[in-house]
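Same order as they appear, the protein sequences are chains B and X. If you read the first sequence in my numbering, its first letter stands for residue 1, the second for the next number, and so on. If you read the second sequence in my numbering, its first letter stands for residue 1, the second for the next number, and so on.
Keep in mind that the hints were calculated from the coordinates and are not lab data. Honestly, I wouldn't trust all of these hints.
[Claimed, not checked] Pairs of lysine-lysine, BS3-like flavour, derived with a Cα cap of 27 Å:
1. K204/X to K134/B
2. K300/X to K82/B
3. K54/X to K78/B
4. K204/X to K78/B
5. K296/X to K122/B
6. K2/X to K113/B
7. K197/X to K122/B
8. K300/X to K70/B
9. K48/B to K296/X
10. K78/B to K297/X
11. K16/X to K113/B
12. K204/X to K119/B
13. K16/X to K55/B
14. K221/X to K82/B
15. K75/B to K297/X
16. K296/X to K113/B
17. K134/B to K16/X
18. K300/X to K78/B
19. K2/X to K257/X
20. K173/B to K206/B
21. K296/X to K14/B
22. K157/X to K75/B
23. K78/B to K159/B
24. K14/B to K2/X
25. K204/X to K132/B
26. K16/X to K119/B
27. K197/X to K82/B
28. K297/X to K55/B
29. K14/B to K204/X
30. K78/B to K8/X
31. K8/X to K134/B
32. K204/X to K55/B
33. K2/X to K159/B
[What the hints assert, rightly or not] Computed footprint of chain X on chain B; a stretch qualifies when at least three of its residues, placed anywhere within it, have a C-beta under 8 Å from a C-beta of chain X:
34. 70-78
35. 183-195
The beta carbon of each residue, even a glycine, is placed where N, CA and C say it ideally should be.
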Amino acid sequence: MDLIRIRNVRKTYKTGTTAIYDLNLNISKGEFIFIIGSTGCGKSTLIKMLYREEKPTNGKILVGGLDVGKIRNRKVYKLRRKIGVVFQNYQLLPNSTAYENVAFALEVLGIPKDEIHSKVLKVLDLVGLKNKAKQYPNQLSGGEQQRVAIARAIVNGPKILICDEPTGNLDPKTSLEIMEVLQAINDLGTTVIMVTHDISIVKKMKKRVVLLDSGRIVKDYKEGEYKNESI
Amino acid sequence: MKAFRIFKRNLRDSLKSIFRNFSLSLASISCITITLIVVAVSIILSLNVNNFTKIVEKDVTIVAFLDVDINEDEIDEVYDQIITLDNIEKKNVVFKDKMEITKDMMASSSELRSVMEDYTRENSPIQDTYQIKVTDINLIHKTAEELNNIEHIDVVKYGEGMVEQLVTVFDTIRKGTVGIVIALIIVTAFLIANTIKITIMSRKREIEIMRLVGASNINIKLPFIFEGLFLGIFGSIIPIIITIYGYSALYNHFDGKIFSDFIKLIAPTPFVYFISILLVAIGIIVGMFGSSRAVKKYLKI
Ligand SMILES: Nc1ncnc2c1ncn2[C@@H]1O[C@H](COP(=O)(O)OP(=O)(O)OP(=O)(O)O)[C@@H](O)[C@H]1O
Ligand SMILES: [Mg+2]
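Can you build the whole structure from these sequences, using the hints too?
So, in structure tokens, the structure goes:
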């Protein structure tokens, strides 16, 4: 059963730029998939449409049975609760501790305090930050900040985790640590979609890889197929 | 339960935000405060004016003093002419004989009694009068003039026009304040909208994250609406204190009346509480109007 189904999707921005051309893609539940391609090829645009930050101009996107293009603005939150999102620049609240940053995602949903407490501690443990829960973002390394962001993205148990260049600001060693965390999350059953420029990571992980070029999929490598290609 | 937790969170957030941008919040609050003080003054004034205009309208009497040497026939003639006038309550034209007036005056003071004891109809300097009630107090001046023109009416008096002037003065003030209040309310609403806008800007990342993790739109917007509401409530505190204590003090100072017995002030309780409720309500409405404008304009979600 496909968790995500993208059918003939085209995205033309108001400026007239077409970022995605008639794209088809299926992603199954529990998959780990990389989306790669040169700058400006439409990677971010593609994943933004998955969590309805952008609307497709044409075509249809189904995420867990929801027709993303048809969801009303008022109802977008229902989609967002199924999806966790992580960015290159972490997007943490600077005046909140690691714990508070993660808890924030649950507080705004009106979840009871004790439930928040146990969930946050569990997820901080999963990303390896249990002992830094009380530290503020500026007291954490880049890798640790990204772990906080990942923890926040998954704390509510989303089906899908979308990462847009999560290791973009990190050194190779730290990047690999982050990949371990993402692998652990994937092992728990969460579908992981990751946009990246880091080819060495892609090679190491041996996952499915979708190569984009100028808004089109030029190659869809099955697990382990992507080896020494160059883009 | 869940809705209540979200509600509580929103309340807390909006209060926090007011204190975080304190100088700006203070500007909005001061603006609401000034507006509401003017509103309070104008409401208190106009309700009081309404109140005593009603009393005055009931009680204002024109007294027409007749010539000292007038005879019985002439007194009747004067009556016939008075009741042809327009602005007259025909049933309330009362003749008061000079002897009767003398008796009343003697009863009111012992000094007058000794002076007036020897007065007879013939030698008394006291004049016979007609006491006349008008139907429309605004035309009282014209009616008085018409009365003055009637033969054998010597002088016409009706509280020296003070009442009439007071009514016009207060009425003008009231009309003027309506304009000021409207202008102030507009300025205030803008200021609040601006305050909320800055809050929205300063919490951009928070808002983004809220959207990302699936907070509903209403949940994202509510703290900002609450912020406007709180600004309104805070802004009404001082005007309410001024209303309750100020008006009561004023009332006590004047002993419940201004200038003369028949311009009575409205008793402070429950009047001031009614005004206070009105002030909070106006504060809240203006505050929420300002914030919902800002949310509509700057919180595109
Ligand atoms: N909001 C927008 N409005 C107009 N054009 C946009 C917008 N966002 C992206 N584009 C354009 O769409 C194209 C694809 O952009 P996108 O951000 O998806 O690329 P990308 O593959 O993520 O690039 P990078 O690897 O640099 O992040 C680009 O030409 C870009 O200029
Ligand atoms: Mg991008």
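Name the hints, by number, that the structure is in violation of. 3, 5, 7, 13, 16, 19, 22, 24, 27 and 35
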